[in-house]
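A.B. asks: The lines below spell out each chain.
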Amino acid sequence: MKKLHIENILKSYDHRNILSNIYLGCNTGEIIGILGRNGVGKSTLLKIIFGSINTDNKFIRIDNQTLLKTSEIRKNIKYLPQDSFLPKNTKIKYLISNFCSKSMKNEILNHEFVKPFLNQKAVELSVGERRILETLMVMHTNANFILLDEPFSGVAPLIKEKLKEIILEFSKKGKGFIITDHDYKNVLEIATRVELLKNGKLKSISSTDDLKTHGFLSSVSVNF
Amino acid sequence: MCLLKKAFLVHLKIFLIAFPISLIFVLGDYGSSFIYLILTFALHYYFLYYKGKKQLYYYYNLGFTEKSLLIYNFIFGFFISCVLEII
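Chains as they are written, first to last, in the numbering used here: chain A, 1 to 224; chain B, 1 to 87.
In isolation and in its complexed conformation, chain A is listed as follows (with noise of 0.2 Å):
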């Protein structure tokens, strides 16, 4: 089992501190969910971490083996961003084949939902077709620990059930994973441990009484 340690993030605009003194662990085989408001900076905190937005200050170990270079954190960590990043007049096959480890190649291609698209441009696929195929390309790579930014965003129902059995069957294959997203009940339901971002710090949450408490959920609850 491996370790991922976040240690010391620290990001400040115009004086504002979004994030201060962050720590965040997470083992492979484990689902941490962050919660928080919009601009609480959940987004930030994973691109921070990817190492596509520059920080005041961080630092990155998987066990004893700190990740001083962008370079070796991408080769470590793979980052699914909200918008769809496939480019979008390629052959999903081309793509797969660039993207997609030697290894497991061949266990995408052959995939149910994959295969049928192999052919197809991106641009030709729905958003929630895209969504699935990216999630599904991301987690296909030699990397143990996956950065999933609002993946259950703008899809329908049943692509997030399908999003999240995709996601239980690759942590119980090994893979670690940190999920923010505003769908809170379907972060609930998968995460082994949640955090909520709260101005700039992470605090520990163990049901939904807790966010009502940190004022992420109202109190008055409403049923359909």
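These are calculated hints, taken from the structure and not from any lab test. Computed from a predicted model, the values in this text were never measured in an experiment. Note that CB positions come from ideal geometry on N, CA and C, so glycine has one too. Be aware that one or more of the hints could be misleading.
[To be verified] With beta-carbon atoms standing in for the labels, derived distance ranges:
#, chain 1, residue 1, chain 2, residue 2, range
1, B, Pro20, A, His182, 32 to 40 Å
2, B, Leu16, A, Ser206, 33 to 41 Å
3, A, Asn27, B, Ile86, 52 to 60 Å
4, B, Gly52, A, Lys93, 18 to 26 Å
5, B, Tyr50, A, Lys198, 46 to 54 Å
6, A, Leu109, B, Leu70, 28 to 36 Å
7, B, Ile87, A, Asn17, 55 to 63 Å
8, B, Leu16, A, Asn27, 24 to 32 Å
9, A, Lys212, B, Ala42, 37 to 45 Å
10, B, Leu23, A, His182, 33 to 41 Å
11, A, Ser20, B, Tyr46, 47 to 55 Å
12, B, Phe74, A, Lys105, 27 to 35 Å
13, B, Phe78, A, Gln120, 44 to 52 Å
[Unchecked claim] Each computed EDC-like pair below joins lysine to aspartate or glutamate, with the alpha-carbon atoms no more than 20 Å apart:
#, chain 1, residue 1, chain 2, residue 2
14, A, Lys160, A, Glu150
15, B, Lys5, A, Glu72
16, B, Lys51, A, Glu124
17, B, Lys54, A, Glu129
18, B, Lys53, A, Asp83
Since chain A is already given, all that's left is putting chain B on it; use the hints.
C.D. replies: This is chain B only, laid out in the frame that chain A set:
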């Protein structure tokens, strides 16, 4: 797939546009290699930071960084410029 091979595939799109344009300058006996290098840089920024900004994460997930993408494109651009110079 090694990073160099992946980088070539990233450069391929630039090559397909820049090479025919540069060939026209070969016929006119102008500095086609210089034109190719200029086009490499221009198309690098156009494709990665203007037209395909969202697709940057595809390349980042392949293992590239902002700097390495630029360096690889420059290396391929320089190599093809040399070929054009020989022509």
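A.B. asks: Which of the listed hints are not met by the structure?
C.D. replies: 1, 2, 5, 8, 9, 10, 11, 13
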